[in-house]
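Asks: Protein chains in written order, with the numbering used here: chain A, 633 to 1115; chain B, 3 to 317.
Heads up, some of the hints might be wrong.
[To be verified] Keeping only pairs whose Cα atoms sit at most 30 Å apart, straight-line, the calculated DSSO-like set for lysine-lysine is:
#1 A:K951 with B:K262
#2 A:K1081 with A:K771
#3 A:K703 with A:K691
#4 A:K944 with B:K72
#5 B:K48 with A:K946
#6 B:K17 with A:K960
#7 A:K1058 with A:K944
#8 A:K999 with B:K48
#9 A:K886 with A:K711
Hints are computed from structural coordinates only; laboratory data are not their basis.
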Amino acid sequence: METSVNFDYAPAPESRAIVRIKPTYGHFIAGKFVTGRKHFPTINPATEEVLSQIALAGKSEVDSAVAAARKAYITTWSKLSGKERGKYLFRIARIMQERAREFAVLETLDNGKPIRESRDVDVPLAAAHFFYHAGWADKLEFAGLGTSTKPHGVAGQIIPWNFPLLMLAWKVAPALATGNTVVLKPAESTSLTALLFAEVCQQAELPAGVVNIVTGDGSTGALLVNHPGIDKIAFTGSTEVGKIIARAVAPTNKSVTLELGGKAANIIFDDAAIDEAIEGIVNGVFFNQGHVCCAGSRLLLQESIVDEVLEKLKVRMAKIRVGDPMDKNTDLGAINSKEQLLKIQDLSRVGESEGGARWSAPCDFPKKGFWFAPTIFTGVTQAHRIAREEIFGPVLSVLTFRTPQEAMDKANNTPFGLSAGIWSEKGSRILWASQQLRAGVIWANTFNKFDPTSPFGGYKESGWGREGGRHGLSAYLKGLGHE
Amino acid sequence: MNFYGLVDGTEASLKKYLGALSGVDQVGADARAAMLATRSIKTSSKRWAIDTAISMVDLTTLEGADTPGKVQALCTKAVRPDPMNSDVPSVGAVCVYNDMVRIARTHLDSIGGEHVGVAAVSTAFPSGRASIEVKIQDTQDALDAGASEIDMVIDRGAFLRGDYIGVFNEIVQIRELCGTRVHLKVIFETGELVTYDNVRKASFLAMAAGADFIKTSTGKVTPAATPPVVLVMLEAVRDFYTMTNTRIGVKPAGGIKNTKDAIKQLVLVNETAGPEWLTPSLFRIGASSLLNDLLMQRMKMDDGYYASPAYVTID
Chain A
633 METSVNFDYA
643 PAPESRAIVR
653 IKPTYGHFIA
663 GKFVTGRKHF
673 PTINPATEEV
683 LSQIALAGKS
693 EVDSAVAAAR
703 KAYITTWSKL
713 SGKERGKYLF
723 RIARIMQERA
733 REFAVLETLD
743 NGKPIRESRD
753 VDVPLAAAHF
763 FYHAGWADKL
773 EFAGLGTSTK
783 PHGVAGQIIP
793 WNFPLLMLAW
803 KVAPALATGN
813 TVVLKPAEST
823 SLTALLFAEV
833 CQQAELPAGV
843 VNIVTGDGST
853 GALLVNHPGI
863 DKIAFTGSTE
873 VGKIIARAVA
883 PTNKSVTLEL
893 GGKAANIIFD
903 DAAIDEAIEG
913 IVNGVFFNQG
923 HVCCAGSRLL
933 LQESIVDEVL
943 EKLKVRMAKI
953 RVGDPMDKNT
963 DLGAINSKEQ
973 LLKIQDLSRV
983 GESEGGARWS
993 APCDFPKKGF
1003 WFAPTIFTGV
1013 TQAHRIAREE
1023 IFGPVLSVLT
1033 FRTPQEAMDK
1043 ANNTPFGLSA
1053 GIWSEKGSRI
1063 LWASQQLRAG
1073 VIWANTFNKF
1083 DPTSPFGGYK
1093 ESGWGREGGR
1103 HGLSAYLKGL
1113 GHE
Chain B
3 MNFYGLVDGT
13 EASLKKYLGA
23 LSGVDQVGAD
33 ARAAMLATRS
43 IKTSSKRWAI
53 DTAISMVDLT
63 TLEGADTPGK
73 VQALCTKAVR
83 PDPMNSDVPS
93 VGAVCVYNDM
103 VRIARTHLDS
113 IGGEHVGVAA
123 VSTAFPSGRA
133 SIEVKIQDTQ
143 DALDAGASEI
153 DMVIDRGAFL
163 RGDYIGVFNE
173 IVQIRELCGT
183 RVHLKVIFET
193 GELVTYDNVR
203 KASFLAMAAG
213 ADFIKTSTGK
223 VTPAATPPVV
233 LVMLEAVRDF
243 YTMTNTRIGV
253 KPAGGIKNTK
263 DAIKQLVLVN
273 ETAGPEWLTP
283 SLFRIGASSL
293 LNDLLMQRMK
303 MDDGYYASPA
313 YVTID
């Protein structure tokens, strides 16, 4: 009998030949690409290679984008029947599927997430959002939201860098289905797939001005939020910026939805299916490098299974394949930016200095790029900063509980309330716990599962409003009878 | 037998032991197996995986129409899977019905195949529907004929009605018959146990009773060795190693027909039980048509093109 050999997987890189990245990009306004005035670089966070120069929109670009959206709303989009709007959405969804590999490769290059995730999660889900909302476009009267609903008009949409294309789909698809036109601003570090989406809008022959995309940084976002020609603001990002936006729109007539931060509890009861719970913990906090607002970043373990779970979790974490995001076998890719890496490193140091016991999976990192090993902190309590602040990285804080009620109290003891996870083989316990937990999304025996039919959003400082499902439609309609 | 100190042979101790096992969430197990199926195994690792998979094959013929000639041909192929290329490793064993054991052993020994085992399917294979006396006699027959490995089936009827101690005692008796020299593989027929909870329970039951290997299926029932079932069994042997410091082998059988399927199995092993299990002494694949696909993929890697099926032998 031969001796066993370590089954190292040879590199299996996805080819980047399918994407053509231009040296510079402009804005997409009124159906055309408009040359920008100022530019800033966008890099591949796995290599620090400059991929392209992205235009920085100032007042004039935002003004013309909003004007184009207004004009399109008045002259075309609001005049089309739901059925006709639906056709455009179906067409966009189909083109996204046809160009799925191109989107996946571009997303991975620009964001640093593993190609397996962009290929299997981000892009298929983005297309699914368009398909789902395409179906609603001609059935809005039957959505249970009343028969006299109307679109807001022009929606200003600001999206984050963690799921660039998927967040675009979450925003653009319901807005168009309900009859709004949009001005979208992608995140500063991840504009490329939004600009490829602009090409898809051209390919689908979407009427000019229905979708406008202006790229830029926070200053561009502020121009959009404060623009008098915007009727509705939809924002996904940090709670800090969410509060600024809420203040800015408070004295105006603008509608607003906010999808903000989280510090979700992932609660493992002693009767859970342990091996699947381990997978759920890993998927909960290491999915997308932990750059997930609903990440299960606080693990609550029942006292009697702490040793078993931690031992198994460390074995499992050591198997997470960290490295080149373009390799099809990579599980954990690059941290999206140097700035984010510094924030994760900083909060991890705080965790150590506050007495948390740190354990990181052993990893060999590529020489360049931004990397952080999958990490857990044990001995964490509610009083630790790493149990309270959103780290937005592959860092898990482990807390313990003795009684189910203690788990609920600890889970709810946070200003956030975006998501929570319950692991138990006992159905009655799952139902009881899901009624106690103050979070917008509660997963039982799974985590980080997304579907366009399911509403997503937060309690407390995790946000206002819902995205997805019938609930998500209401965010883009007025005349619901409760304004 | 002390059953690793886990049970004392009484029904009460067995119930307590099995009752302490955590459940398996079906959705989660399916998702994990599906994720591992996306691993992309290329170039040097694919080559290594193909040769490793060949060395793990239990080359099987279990037909009513089997003839001595067919079994001899199978043995020849087992020793030297590609007659034109001596670099190809021998398979792990041949797997036949009892009456073919002596024919297989004699032929293997006569062609320099002493290193290839002969596995006999016993205990009223495939249904297991016979008295324990008959099962013992069946196994003794195979041992007398020179079997080096016994693939026994459990009594699924007893298992499903909750007579775990009955199943346990049968395995213990066959184990005693096999002694320490002959490898005992215990077949669950997971397609009949249906749930992953049952698969996990059967795994721990068989391991405590003295199995050297736990095996998914007879090949006569579908579904057979699905990736999630193998995942659950690999988790069981990994956990059993933590408890007892003993490594038990796993043998998926049935439905693994091509190289892609086989490599998926090796990925499951690597990322679940761990690389220590990537040896024919701890992982076997029960198959018949798989070997030819492995050989054709191997030729393709060497030559750069797919050969006609005429370049591999039909039996």
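Asks: Within 30 Å, alpha carbon to alpha carbon, are A:K999 and B:K48?
Replies: Holds - the C-alpha atoms of B:K48 and A:K999 are around 27 Å apart, at most 30 Å.
Asks: Assess, step by step, whether the Cα of A:K1081 is no farther than 30 Å from the Cα of A:K771, and give holds or violated.
Replies: Holds - the C-alpha atoms of A:K771 and A:K1081 are around 26 Å apart, at most 30 Å.
Asks: Assess, step by step, whether the Cα of A:K703 is no farther than 30 Å from the Cα of A:K691, and give holds or violated.
Replies: Satisfied, since the Cα-Cα distance of roughly 18 Å is no more than 30 Å.
Asks: For a C-alpha distance cap of 30 Å, please report whether A:K1058 and A:K944 respect it.
Replies: The hint holds at about 22 Å.
Asks: Within a Cα-Cα threshold of 30 Å, do A:K944 and B:K72 meet the stated pairing?
Replies: Not satisfied, since the Cα-Cα distance of roughly 47 Å exceeds 30 Å.
Asks: Run the distance test for A:K951 versus B:K262: straight-line Cα separation, threshold 30 Å.
Replies: Since the Cα atoms of A:K951 and B:K262 sit roughly 22 Å apart, the hinted pair holds (cutoff 30 Å).
Asks: Sort out whether A:K960 lies within 30 Å of B:K17, counting only the CA atoms.
Replies: Cα-Cα ~44 Å, so violated.
Asks: Hint check: A:K886 vs A:K711, CA-CA at most 30 Å. Holds or violated?
Replies: At roughly 22 Å apart (the allowed maximum being 30 Å), A:K711 and A:K886 satisfy the hint.
Asks: Could you grab the alpha-carbon distance between B:K48 and A:K946 and see if it respects the 30 Å cut-off?
Replies: holds, 28 Å
Of the hints listed earlier, those the structure fails to meet are numbers 4 and 6, in rising order.
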